[in-house]
Each structure stands twice: as structure tokens, then as C-alpha cells.
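Undergrad: Listed below are the residues making up each chain.
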Amino acid sequence: MPLTLLGTKLGMTRSYTGEGVSVPCTVVQVGPCVVTQITTPENDGYAAVQIGYGEAKVRRATQPVIGHDAKAGATPKKFHREFRVDAKDLEGFTLGQTLTVDQMASMAFVDVSGTSKGKGTAGVMKRHNFKGMFASHGNERMHRHGGSIGGHCSNRGNGQISRGKRMGGRLGNERVTVRSLEVVKVLSDKNIMLIKGSLPGPNQGLLEIRSPRRLYKTKGKKQAEKAKA
Amino acid sequence: MSTQQIIESVTADLLKTDVPEMEIGDTVNVHCRIIEGDKERTQIFQGVLISRAGRGISEMITVRRIVDNQGVERIFPLHSPRISKYEVVRRAEVRRAKLYYLRDRQGKQRRLREKRRGLEAVLAPAPAAPSAAPAQ
Chain A
709 MPLTLLGTKL GMTRSYTGEG VSVPCTVVQV GPCVVTQITT PENDGYAAVQ
759 IGYGEAKVRR ATQPVIGHDA KAGATPKKFH REFRVDAKDL EGFTLGQTLT
809 VDQMASMAFV DVSGTSKGKG TAGVMKRHNF KGMFASHGNE RMHRHGGSIG
859 GHCSNRGNGQ ISRGKRMGGR LGNERVTVRS LEVVKVLSDK NIMLIKGSLP
909 GPNQGLLEIR SPRRLYKTKG KKQAEKAKA
Chain B
81 MSTQQIIESV TADLLKTDVP EMEIGDTVNV HCRIIEGDKE RTQIFQGVLI
131 SRAGRGISEM ITVRRIVDNQ GVERIFPLHS PRISKYEVVR RAEVRRAKLY
181 YLRDRQGKQR RLREKRRGLE AVLAPAPAAP SAAPAQ
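Residue numbers (the numbering used here), protein chains in the order written: chain A, 709 to 937; chain B, 81 to 216.
Next comes chain A alone, as it looks inside the complex (with noise of 0.2 Å):
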């Protein structure tokens, strides 16, 4: 069953495995949420649940966020998401039902999504990863340069340049997933999640929280298992 739940990304630390290993960990508070709202194939016409996550302070909350929170029974909610399941599994949800870290624990890996951190402009080396150009061999002032982008003849023969053509510019502050990322430690108490490497935003940032989905076949394996256990 699919399952989504916001979170807070605290900072990153570091774990030991039993043999002595080093493993980098990102500390990320889970929940717990709320389900604010079940569309089902009758009313919307599809299957998804909506939760919502942070305490929005009333005083600035809208109207239409504490009407739409309070029908689930909930204080009005920072952030909202939905995520889509089979018409089948609505009925593991009910409205107001508290989702926390809890239900994520017989998942191995996980995948997450943020908002990566801004760089502003940024050139085609850091943006798109080209190499640039010699250090010297008589290069002059083009260190970091992309090169040509065409001439008249690679470009349809008018010199127009190819549509896509990467360049330099806006850099970050953008969706990012990240996919299959292996769960060190559960803390139900604490409502915290030890998630092995690096997620993209900054410390105190959104996060959503996924259950996995496309699992390489060792890591399949490793999910089948820990469901199992």
C-alpha cells in the first residue's frame, strides 16, 4: 500500500553497523500527520488521502484551511499533500487518523522528495556537470566555459541554436527525489527517522516520505524481508 507522510529534515549525523562500518545518516522528523481528506472514484472520481502536517499558527491560518482542517477533527495544518492509492485500500484510512512514523517501520528503503537549495545562477559546470576548458595550453580567460553552442552549419543551417541547449542559470531550488534510500533506525518515541546519505533541501526543510517503489532487485529482496519480519 503506498504511503506518504511529511516530515522535517533536522541534520545529518553518522550511525555504526555492528562490524564497524561508518554509515552517514540525515536525522528527519516523520509526522506525525493527519488524514484531512479522502477523495474516493464516487465523489471525485479518483482514490487518494490527503494529510496534513505542522501546526499553522491560528491566528494566521485562513478560513477556508481551519473549516477544511476541522472537518477531520484536526488544529489547522502547515503543509497538505495527497497521495494516490487503490480505491481498495481507502479503507485503511479514516478521516483524522493519526499517521506517524510508526507505519513506515516494516519499510527497508524509501524514497524522498524536497526542495533542493537554491545556488542562483550558476554556470554550465556546476549546473550540467560539463568538464570546461584547459588550464592552459595557451587557453585565454575560458576556464569554465561551456564552448561552442553551434555555427551555421551543425545549426538547421540558419545559425539558429538547437532548442535545449544547455546552458548556464537558475540553479536549484527545485523538486528533487531521491529513490531507494535505506532506513537506518526507526525512533517510534521520537517520531524520527534515520535515513542512510544525503536528502536534497536545507536542515528544517519539507520533506515527504515514500514508501518505495521501483526497488532494485537486491534491495527487493532486502524489502520482501524486513516486510516479512
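For the record, the hints were derived by calculation from the structure and aren't laboratory data.
A portion of the hints provided could be inaccurate.
Keeping only pairs whose Cα atoms sit at most 27 Å apart, straight-line, the calculated BS3-like set for lysine-lysine is [said to hold, decoys possible]:
#, chain 1, residue 1, chain 2, residue 2
1, B, Lys96, A, Lys904
2, A, Lys898, B, Lys96
3, A, Lys827, A, Lys873
4, A, Lys893, A, Lys936
5, A, Lys934, A, Lys796
6, A, Lys904, A, Lys927
7, A, Lys796, A, Lys779
8, A, Lys893, A, Lys930
9, B, Lys96, A, Lys893
Dock chain B against chain A, hints included.
TA: Only chain B this time, still in chain A's reference frame:
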């Protein structure tokens, strides 16, 4: 609780509780567990503690010793499970937090002055006797 405190509390159970009080300039024995296949043995690396860096679970120590007149430095994660034990063999009086100047010293200049001031206080947790080592 601040974010930093939360992060530290998450790893609190992985911290070692039996690390002796080690100061910069101390000569320490680091007992490394070396795993070869399914066999495990302990190797002792003895040297001068020249740096402690980081905090909490990420703390690293640098130990320097002279092997065949050649300086060897090893950096250990203080809380690594690969290290079974630390022993303080000798304490020295130093005036720096990082003893990188030892890298430029030759011969007798490498020696550090033994700690004398407040000796009782320093030696209160007595350095482990050498006979205790094989018991492990």
C-alpha cells in the same frame, strides 16, 4: 529541545561509556579489532594523542607514533565499534590543543615533558596496568 540536541540524542546509545579521560599529549594504547575472514584479533597502536576533532559520535582522534624512524599517524573514530579499548600509558605537559608541531621535530626533540603539576589529580583514574591487557 533544540535540533542539535535531538540529533545528539539519536546517537547517544552508540557512544562509548568506557573511554578514559584522554588529553592531548597523552601516550595512549588503541586496541583495534581486526577482522580477517571469520577470525578476529586485537592490534595495539601506541602513540601520542596529537589531536581531537569533532564532537559526539563523529569525534576523531589522531595518534602519532614513530615506526622505523618514520612518523605514522592514524586517525580513529573515537566511538567506532572496531576499537575495543583505550588505555592511557603516560601523560605529558603540553601547551597546545593540536600537536602538529611534532611532525617537524627530529630525534630527542620529539619527547614531551611528563605531567607533574597536580599529579594526584591527573593520576586519579590510574593508567591501566600492562597485566590487564592480555585478560581481554
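Undergrad: Determine for every hint whether it applies to the structure shown.
TA: Each hint tested on the structure:
1. Of the pairs offered as hints, the one joining Lys96(B) and Lys904(A) holds, with about 22 Å between alpha carbons and a cut-off of 27 Å not exceeded.
2. Using a Cα cut-off of 27 Å, the hinted pair Lys898(A) and Lys96(B) holds, with the two alpha carbons roughly 22 Å apart.
3. Our distance criterion of 27 Å between C-alpha atoms is met by Lys827(A) and Lys873(A), whose separation comes to about 20 Å.
4. Simply put, Lys893(A) and Lys936(A) have alpha-carbon atoms about 17 Å apart, close enough for the 27 Å limit, and the pair holds.
5. A distance of roughly 24 Å separates the Cα atoms of Lys934(A) and Lys796(A); the hinted pair therefore holds under the 27 Å criterion.
6. Among the hinted pairs, Lys904(A) with Lys927(A) is consistent with the structure: their alpha-carbon atoms are about 14 Å apart, no more than 27 Å.
7. A C-alpha spacing of about 23 Å is found between Lys796(A) and Lys779(A), which places the hinted pair at or below 27 Å, so the restraint holds.
8. Taking the CA atoms of Lys893(A) and Lys930(A), the gap is near 15 Å; set against the 27 Å cutoff, the hint holds.
9. A hinted pair counts as satisfied when its Cα atoms are at most 27 Å apart, and Lys96(B) with Lys893(A) qualifies at roughly 19 Å.
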